[in-house]
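J.: Make the complex out of the two chains shown on their own, each in a separate frame, by following the hints.
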Amino acid sequence: MTLNSVVETDFPEEFIEEMEKSSDVLPKKIDANPKNVEKGLAKLVLTLIELIRKLLEKQAMRRVEVGSLSEEEIERVGETLMKLENKMKELKQIFGLKDEELNLNLGPLGDLM
Amino acid sequence: MKLYTYGIIDSSKQINEPIYGLERACVYNIPYCDIGMVVSECTEPVQNVTKGSVLAHEEVIERLMGYFTVLPVRFHTVFDGRGGVVSLMQSYYKDFRDNLDRLRNKVEFGIKVIWPSDKIKEHIINTYKKNDQKVSVPDDSSNKRFIRKKLEKYKINEEFEKKANKFINVMDIFFSKFAAEKKLKKLKTKNLLLDAVYLVEKDKQDDFKEAFEHIKNAHASFKFLFSGLWPPYNFVILPKKNDLVRNLAQEDLFDKVIQHQDLVGADKI
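If you read the protein sequences in the order shown, they are chains A and B.
Mapped onto my numbering, the consecutive letters of the first sequence carry residue numbers 1024 to 1136.
Mapped onto my numbering, the consecutive letters of the second sequence carry residue numbers 4 to 272.
Treat the hints with caution; some may be incorrect.
Claimed, not checked - Straight-line distance between alpha carbons at most 27 angstroms, and here's what the computed BS3-like set of lysine-lysine pairs gives:
id	chain 1	residue 1	chain 2	residue 2
1	B	K133	B	K166
2	B	K191	A	K1081
3	A	K1121	B	K5
4	B	K226	B	K193
5	B	K191	A	K1044
6	B	K205	B	K188
For the record, the hints were derived by calculation from the structure and aren't laboratory data.
Okay, chain B solo, but in the shape it has when bound (with noise of 0.2 angstroms):
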């Protein structure tokens, strides 16, 4: 029989509630000192990544995070029998424990922002022109007028890069009020301005989320997507975390539910 994981939690006792997981199997704790795995039972490797099952498997770390501090096992992680998950337990127990104590408490929000960089961009070479901030580069040959045209790209790109950063600044200003710790990605494409994640502690939760509404209404160009509250999938940190995966004939299954995950801001461990 296989076990099908979903997290590891802060607690070695039985769960109380009844929870059900993939293939409709009641979830259960193997516990390893004061920690423990939840897992269900299951037959055959899923062979299909299905929204259902994707769904199951958040749904029971969700009803877990109403109990538990809960670090979040990367979908689709089947182990062969109890031995080898007490055994995964064993080897990274401190690291278990270190990332159960800091995230405790805590939870994920997910923050993109689209914002309009053809108007940006255009609106960079139009003030260029108009202040004429010529280059000082010679054009008697084409070799210097190679150089010239490539540094009046260059100077607009910079423009560019200064004006996002500048917005992610301010918008990261509010959100690291309520934030414990945060990871951002600058420009992922030229319209994704920013994707962030901020791992937030469960009291501040509202004010997070005021925070966001403020700079959504203060940025009406631009366009936002909230996601949340999720457990902490960006910051569970493990020293030697490819070693915990170790079932590589399901990667492809794994990149597509990344694709998904990563529209709503989670990721994996």
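Same shape as in the complex, but just chain A (with noise of 0.2 angstroms):
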């Protein structure tokens, strides 16, 4: 072989450890098939749900920060978004998804979350 094309690195473990986790992350397509459709459809309808959680949850941190809830609304935020995280944690729980499994590719926008 006379191949030009060279790969300069100290670390070359760290490297490919760093890219199988990256790509270990996300399927390149749903695993869908009689047996396990059940886990497909959920980690599908979760990672939709995690996504809208992860939003509310920013949107309630700027309006913390600035400083533009009341106390009382405060309450209220916390009290929704404690909720929603343990309901999410039980969910997670009943399909044994793990936190890095709630993600999916996107193609050429890059991943969900």
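T.: Here's what the structure looks like:
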């Protein structure tokens, strides 16, 4: 072989590990078959719920940070977000899903989260 | 007889030098107008992705790069016969031509950077605590304490992202001086700060490499991977690229190859 291309690094194993981590998280297609269709669907639905939950949380943090929420509102938002988070934990446990599995690869747009 | 494809070149003439591809078959050009598809004949579809077959594919493309502008074709794209190849070229001639013009005399380099994310996060948390940047949320109920904790985490993550952007911007300014196009992916994992590919004109490749060495030396606690020069795997723009590869039975093989290519910054068209 007379390849001109080179890969130069002093840390090949660490790069392999990181690249494997980043590609393991997101399958290229949804693995749906009769045996695991329930889990596949749950993964898809929970991913979307998780996205909305994170957006809500981020928006709430921004509003708390700039002081646009009253103490009463903070109390209510806190209760809602806490309940939502606990419910998500419960559902993830039921379907045997890990945090890092709740993501979707949107092709050229990148990852959902 | 099936035809194994390597790349589209900006010439309709035959290749003067003998080049051997997969199964040690001689590589030749199938012309269409002023461009051509470089192929070799293969008897059976490649059943296993081996290091040898991937390297043979890459070697052919690299040899072609010495004489032509090449649009590399994804590993293991096989056609049933000459008719299929010509039909593809006919359908996409304008796109292929545009890409060949845009990518003339340009090559691709990959750069990946690992940063000490844990140390950086730890530093952010310590600074946060030291400066006593307490958030203005009372903690007289569990709900408010929950928000308080979340807000602290949110601010720390925000700072982490800011630092990542800062480092990436500094590096990118240097690399972009010598690049025609680029694609950057930030924080694919918490450690992998940057996964980038740059399209560089051939006569600027030494400057680009020098810029990389400069950045590498300036960031001693970071880990760097430099790869290239590659054919412009990541810069071929085709509107309906999925139609080009119809060999769905081989998807798993593609996935394996793509994983290997990811390590060196190469992708597929």
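J.: With reference to the structure, classify each hint as holding or not holding.
T.: Against the structure, the hints come out as follows:
1. B/K133 - B/K166: Given pair B/K133, B/K166 holds - Cα atoms ~18 angstroms apart, limit 27 angstroms.
2. B/K191 - A/K1081: Status holds; Cα separation ~20 angstroms.
3. A/K1121 - B/K5: violated (44 angstroms)
4. B/K226 - B/K193: holds (14 angstroms)
5. B/K191 - A/K1044: Holds: B/K191 and A/K1044 sit about 9 angstroms apart, inside 27 angstroms.
6. B/K205 - B/K188: holds (24 angstroms)
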